[in-house]
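Let the hints inform the model, and build the full structure from the sequences given.
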Amino acid sequence: MRTVLSAVAIETLLLTSAAATEPLVFHRAHFPDHTVVSLSIVGNRAAASVGYDFDVLISLSQTSVDGEGAYSDPGKHKASVRCGPPAAVSMGNVDYQIPNSGVEPDWKDDLWRAVCTPPVS
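In this text, residue positions in the sequence shown follow the numbering used here: the first is 1239, and each later residue adds one.
Hints are computed from structural coordinates only; laboratory data are not their basis.
What you are looking at is a predicted structure, and each value in this text was computed from that prediction instead of being measured.
Even for Gly, the Cβ is constructed at its ideal location relative to N, Cα and C.
Please note that a few of the clues may not be correct.
Claimed, not checked - What follows is a list of derived Cβ distance ranges for each label pair: (1) G1305 x R1283: 31 to 37 Å; (2) G1307 x N1331: 30 to 36 Å; (3) N1338 x K1316: 15 to 21 Å; (4) G1289 x T1355: 15 to 21 Å; (5) G1313 x P1270: 24 to 30 Å; (6) R1283 x G1307: 29 to 35 Å.
Quick look at the structure:
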């Protein structure tokens, strides 16, 4: 079952990447000062680590609600994603269980969903 899900997820990522003309925004955070921080998937491939399904590159951008003061982080941040049980996102040698133990989903939950859940048409 995990192999089938991984194959579907890989196919979905490849098709999504080929069709996309810009990075896939998977998480947006809105702050009281009207700042919006967006996290985007800018690269993906099969994981180099046996314990994970995908390695992704994440970019970060910041804007204000009115579009002023745009900033795009020039760095690309690597994360690894495991779709099957136990679901996890790993970043900076720290493994985060999905769903997270917090009250609300956060960027790691959103990244996992973007990578591991096929789009519904």
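Tested hints:
1. Remark: the range hint 31 to 37 Å for G1305 to R1283 is upheld by a beta-carbon distance near 33 Å.
2. Checked against the hint of 30 to 36 Å, the C-beta distance between G1307 and N1331 comes to roughly 33 Å, which is consistent with it.
3. The hinted range of 15 to 21 Å is satisfied by N1338 and K1316, whose Cβ atoms lie roughly 19 Å apart.
4. Separation of G1289 from T1355 is about 20 Å and conforms to the stated range, judged on CB atoms against 15 to 21 Å.
5. As the Cβ distance of G1313 to P1270 is approximately 26 Å, the hint placing it in 24 to 30 Å holds.
6. Here the CB-CB span from R1283 to G1307 is close to 33 Å, well matched to the stated 29 to 35 Å.
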